[in-house]
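Peer 1: Protein chains in written order, with the working numbering: chain E, 1 to 418; chain H, 1001 to 1315.
Because the hints were derived from the structure by calculation, they are not lab data.
Bear in mind that the values here come from a model prediction, so they are computed numbers and not experimental data.
There is no bait here: all hints are sound.
Dumping the calculated DMTMM-like pairs for lysine to aspartate or glutamate here, alpha-carbon to alpha-carbon at most 20 Å:
1. E:Lys85 x H:Asp1024
2. H:Lys1069 x E:Glu280
3. E:Lys33 x H:Glu1284
4. E:Lys33 x H:Glu1283
5. H:Lys1214 x E:Glu280
6. E:Lys85 x H:Glu1283
7. H:Lys1063 x E:Glu282
8. H:Lys1175 x E:Asp405
9. E:Lys85 x H:Asp1279
10. H:Lys1175 x E:Glu328
11. H:Lys1063 x E:Glu280
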Amino acid sequence: MSYMDMTLLRFTTAGSVDDGKSTLIGRLLYDTKSIFEDQYQALEETSQKRGDEDVDLALLTDGLKAEREQGITIDVAYRYFSTPKRKFIIADTPGHIQYTRNMVTGASTANLAIVLVDARNGVVEQTKRHSFIAALLGIPHIVVCVNKMDLVNYSEDAYTEIVEQYQEFGARLDVNDIRFIPISALKGDNVVDRSESMEWYDGPTLLYTLENLHIGSDNNLIDVRFPVQCVIRPQTESHPDYRGYGGRMAGGVLKKGDEVKVLPSGWTSKVKSIDTFQGEVEVAFPPMSVTVCLEDDIDISRGDMIVRPNNSPEASQRIDAMLCWFNENPLKVGGKYAVKHTSRDARCIIDTVQYKVDVNTLHRDQDDKTVGMNDIARVSFKSTLPLFADRYSRNRLTGSFILIDEGTNETVAAGMIL
Amino acid sequence: MELFENSLAPKKVSMDNYNMTHLDELESEAIYIIREVAAQFERPVLLFSGGKDSITVFHLARKAFWPGKIPFPLMHIDTEHNFPEAIIYRDNLARQFGVNMIVKSVQDSIDSGRVTEETGVNASRNFAQITTLLDAVEEGKFTACLGGARRDEEKARAKERFFSHRDDFGQWDPKNQRPELWNLFNGRHRIGEHFRVFPISNWTEMDVWQYLKKENIEIPSIYFTHEREVIERDGVILSKSPFLTLKPGESYQTRKVRYRTLGDMTCTGAVYSECYDFDDIIEEVSATRVTERGGRADDKRSETAMEDRKKEGYF
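Next comes chain H alone, as it looks inside the complex:
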């Protein structure tokens, strides 16, 4: 009967029409992953940094449970070396969408003696925040931490799973990862272990920008060009901040810059660029010849800097 009706239909829909664009397919994949997390884990949390990638994941999580609310809290590991614009953005977002935003401070971990602060001109709280993060995961009894990491960011991340297992010390064992096939994700774990889950693993920097534009999502202002006092050190353009110690001979200069990635002020490099809206950024990204993490001093410490940090429990 059904076949008969179809053949009478005035316009037959061609199978060719059941195609999705790459952004729609990536979105659908991410929503699927986020729903799996809510279904498989008792206590998930979304790690939120205020950067464009975690903003994208937050937006996808809203979509995944619409018209319901996101059934888990957000958590920010605050190094207190952040760009003030990122903190303002974070607080606004929590207010606007009525989300539970947990903030854990690296300063507290330092004050309580859990970690020792790095010193010296290139000091960063990059390693220190691992302790704060793992303590917060343990304290909150979180079993899954959603994050915005992407495989195209860095070579060690290219091997990362969507559901990435962490042992009870929070460590990643890259050589012993669970195989992931089809759309079947194994989130089984013992007490004390947890998972990191990366719904936008398959997105590139370009995909994220295109998506932010398509969805008209607000992002922190420092992604767009503005004037800022900076110095150049080892090829990285660093912003003036209370946390930066000038070396002899260095002095600040006011330049037009923007950020392609958001980390701590102490180690995130700016780029000289004129991008005032998403279109400008998309155009720049498609022409650019340096990866977005190319401006991150923390990745330049050694060839396997990211892998080493990830094994310890980094994002």
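Next comes chain E alone, as it looks inside the complex:
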């Protein structure tokens, strides 16, 4: 198979120091020959300096000085590897509760989440937290890896018990595709190669799952959503009257000749052409970046959205959403923030906090409404401009937004529209 047929899969991993997450990533990179000799040498040297017995593959992902000194992962680290079938982007995030914001960040673009469970401990608080965040962020596929099977004598009973534990809890999550794989990241069982110690397991290995998972329908291909990023007007001799709208498809399949409606004006027109540097294309679908030209000359600018006349998102100034708070300064009810939604910028004022969610128990707390760093809460706000919003569960790109503190310019929250 040639690299011209490879597809891209983004997945996230979450875990803490002890559950073998770094070992698993190290194993995937090492067994797919994605670690280079000089990287491995550097790891060996660092491990020796710290007096470790084995080469600590965790050092691969812990890139910052502070992380290496403290033996913790502070930030999302992105790692890459590929097989002849797929290129993979790993968003590797720390698993501690105080790093919920990193988990949320890593999960926002992922097609798949790997949740690690230590076979000796079963489903614990952290397992639930990771799974809940994966579900909240709308990751379509979860692979639960029951790790350290070597430490429970590769026992099928131990594995089955954990699968049942997880399924009981997982039924409360809104994820359609949950799979289970018994592995040992340390010994390499069922990661890249099939385990010889677990003949009772006849499912695929982790890498096989990652390589063959169907992701073509992870994007919304039903509702046409084209947020306009920029207007392209060359005004050159060769293109004196060209007027195109640059953007990236956020939903649906747009075809040449389609009737379209432009929000917020409501004007309708037809797609004259869908242009790229290589020439016209007949259709555009997510996540293609294209330039759309319309038959009629209508006033369109950044922040507008091109949709089909019979299928519009809700244009609303009142938004209900789940919010993940990222900042040391807590959310201010009645406070004003800048809001970024698709290519649209507005300001908003927070109306109410309905409840906070305990990420470990999924319990809804309606009494304590102080939303601080790493908290997840249901809120409602009013925006200065209508946002062309879909429910997040329908479309992750037109259903998401961020809030920005207008004083510090920091991104203080990520939101998912309900």
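We have chain E; now place chain H onto it with these hints.
Peer 2: Here is chain H on its own, set in the frame of chain E:
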């Protein structure tokens, strides 16, 4: 009505067909980022080194605004320790595509006393160019500098954002980066602050080579095998140049080499390799066992050499 028409259509397009290849998806992501920069920042600039990564970003920028022109200038921080092939390439590119290429010289910064030149056998202008770059950003009032850095290059870069904030001293604070979610990028900044933006963050070395081949993009000749006078020092193969001081016992040898990465002649190592076209390179990269920066003496100074330079304002 529409549903009805679809069901009558002779051939229904399967949802499976709406898949992109990994290169198409990476390209689309990069174009999206570049357009965001043009939309969110008043004065962007594309940092151009003549290396394959910044050539790729330039090519993507052309695509992003086609059939319009790239709405911002390019800027080269010239250490004057460059490979002459890279400079020829740079000047040709500026002529061919009619782009505004700003050139800022590290020598000028040294002459004006803004920085002190390193001395000694391993002297390099790696740190010196930080000052030139930051001065140029300030002088040009640039609010966003597009660059070709990739996260797979180096461990500190693995933590880099697409939109990477720099304070008014040009410093990077890796522990206090803005979270980036979905495709929402926050480029808000105060006066004096700027952003570094890396549209090909998610590309690997292999992706870049595959893309250059797919798009048939011309690159400087020294990426391909040629004969050159070199010495080996600390495992790094260095080219003969006016800037290199030989240690006792060292002497130049003519070897067949090429470069996997382009930096200053004083610190960029060559590799012994026979690659005469993109296919050869792709084959070599897929078999190779050393990262492309493995040949960079500047990264070998210490384990956190890159992080330290980046905090100061390096590319």
